[in-house]
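Can you build the whole structure from these sequences, using the hints too?
Number of protein chains: 2
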Amino acid sequence: MTLPRHVIVVSDHTGITAENMARALLAHFPDEDLTYALRSFVDTPDKAQAVAHEVAVLAEQEPRPLLFTTITVPEVLEWLREAPAVHFDLLSQSVDRLEAEFGSQATRLPGRFHDMTDQQGYLRRMEALDFALATDDGVGDKQYGLADVILVGVSRAGKTPTSLFLALNHGVRASNYPLAEDDFEQLSLPRPLEAHRAKLFGLTIDPRRLHAIRTQRKAGSQYASLEQCEYEVRRAERLYAQWKIPVRDTTSSSVEEIASGILNYLR
Amino acid sequence: MTLPRHVIVVSDHTGITAENMARALLAHFPDEDLTYALRSFVDTPDKAQAVAHEVAVLAEQEPRPLLFTTITVPEVLEWLREAPAVHFDLLSQSVDRLEAEFGSQATRLPGRFHDMTDQQGYLRRMEALDFALATDDGVGDKQYGLADVILVGVSRAGKTPTSLFLALNHGVRASNYPLAEDDFEQLSLPRPLEAHRAKLFGLTIDPRRLHAIRTQRKAGSQYASLEQCEYEVRRAERLYAQWKIPVRDTTSSSVEEIASGILNYLR
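Top line first, the protein sequences correspond to chains A and B. Count along the first sequence from 1, then add 9; that gives the number in my numbering. Count along the second sequence from 1, then add 9; that gives the number in my numbering.
Please note that a few of the clues may not be correct.
It does not matter which identical chain is used: a pair holds within one copy or between any two.
Only pairs whose alpha carbons sit at most 30 Å apart, straight line, appear in this in silico BS3-like list of lysine-lysine [said to hold, decoys possible]:
(1) K151 to K253
(2) K253 to K208
(3) K151 to K208
(4) K208 to K56
(5) K151 to K56
(6) K253 to K56
(7) K56 to K227
(8) K227 to K253
The set of hints was computed from the structure by calculation and includes no laboratory data.
Structure representation (structure tokens):
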């Protein structure tokens, strides 16, 4: 029996970029048995030395640990370069090339991307999150005029996670409106949506998947029944077609994938 | 006058990792005038050819565009390698090294990290988001027993964005409880928190910053007044000290930074 391989991800800031990169790389090796550790805010030589020591302890076992770093401060990186691991220095080489291309010096300060350097962008995201929460699940429709996009779909099609993700990560003012029984009994668009047709974006989902999701919430209910799910999805899709609303199937898509698709559409 | 430099980020999937990487690198050059474009889901040679064409058009102007790619599918990447730009191939080299280290072939399929391959992790995140929404802003305190962490703080100290971020991005079941007037008039912990002392995490903020944030929401109100903000923050900090609740100052921290700090604490 082989032990799992240790993956140590080290960042001088939040570690979000570092962890994403390491996981994106290692996703190409789905059969490897890996165990992850993230060390964030490693921004001094002392902290780096402590992590290097930790790596050295792990390296006493086979196989060798994999060490991913996004650190660019030379005095900090130095310690990690000496650690007994396979080292993936994810930024340094590209920073060197950018220095050459720009003909200027990189700051090589600890990671600044996820901080508040971009104050305006940050405020926009926080403000969009407030907006998404205030217009979640059909409430606050008086504010739809201020929305960038209004997600439409039946209950549990993925509207809320997607609108919160769009707001929090991209500063998009995303509202969402749940389609329900009442909306299917009329031929017109639901009244709160009428004036905002150009902002609508429909989410649909395989009725069987919807049935599974709803069953987890309310097993045995009419709401969760396959018949009800089939009915709602069919009627929702008819509404999208009738009003020429762009649609995305969320059945096997993650929130990140759905959100990226919507961003492409908005651009 | 020089034109801004075009930065084109190309991914065969959501582009989240690619964009984070490009921005993390370019954050080291704050004085450069850059304009970003993201091309996501570029997963066929045809789509890559279209992007290469777009780059060629931009390259007719000085300075040369910067092209960042996280594509590992050889037939797709090929087109972008030929584009007239400074090319930063962010993954290929590391994938090669990992192949050598593992002694196995990389899948080199389009990005799989932000999809639903990790079903269990994905469901945990969605479930955590439901939980965070159901226990946001002091509601649903009956469910605190199921929380991983309960953020405590005065109104507008950053509790809601942080708990939603922790849930959505990390699958942490984060609740949040707003400290208000009533809570300051007693010597005990607020009743809903009493049984969960070990899960509490306090957020604090500079009263002047809080005053500015609240003024944006309700200018001229008692709620937004500097005196009120000073009073609330002072009392909240006294409560943290009294009950030995770990505290984090959010004044100049982003949600990502606060969340990473809390994750470190939880580990």
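We went through each hint and held it up to the structure:
1. In this assembly of identical chains, K151 and K253 lie within 30 Å of each other by CA distance solely inside one copy; the values are 23 Å within and 44 Å between copies.
2. With identical chains, the CA atoms of K253 and K208 are at most 30 Å apart within one copy only, with a shortest distance of 11 Å there and 48 Å across copies.
3. In this assembly of identical chains, K151 and K208 lie within 30 Å of each other by CA distance solely inside one copy; the values are 14 Å within and 38 Å between copies.
4. With identical chains, the CA atoms of K208 and K56 are at most 30 Å apart between copies only, with a shortest distance of 27 Å across copies and 49 Å within one.
5. Taking the closest pair of Cα atoms, K151 and K56 never come within 30 Å of each other, the shortest separation being 51 Å inside a single copy and 40 Å across copies.
6. For the identical chains of this complex, K253 and K56 are inter-copy neighbours only, at 26 Å across copies versus 56 Å inside a copy, given an alpha-carbon limit of 30 Å.
7. In this assembly of identical chains, the alpha carbons of K56 and K227 never lie at most 30 Å apart, being 49 Å within a copy and 43 Å across copies at closest.
8. Taking the closest pair of Cα atoms, K227 and K253 never come within 30 Å of each other, the shortest separation being 32 Å inside a single copy and 40 Å across copies.
When each numbered hint is compared with the structure, violations occur for hints 5, 7, 8.
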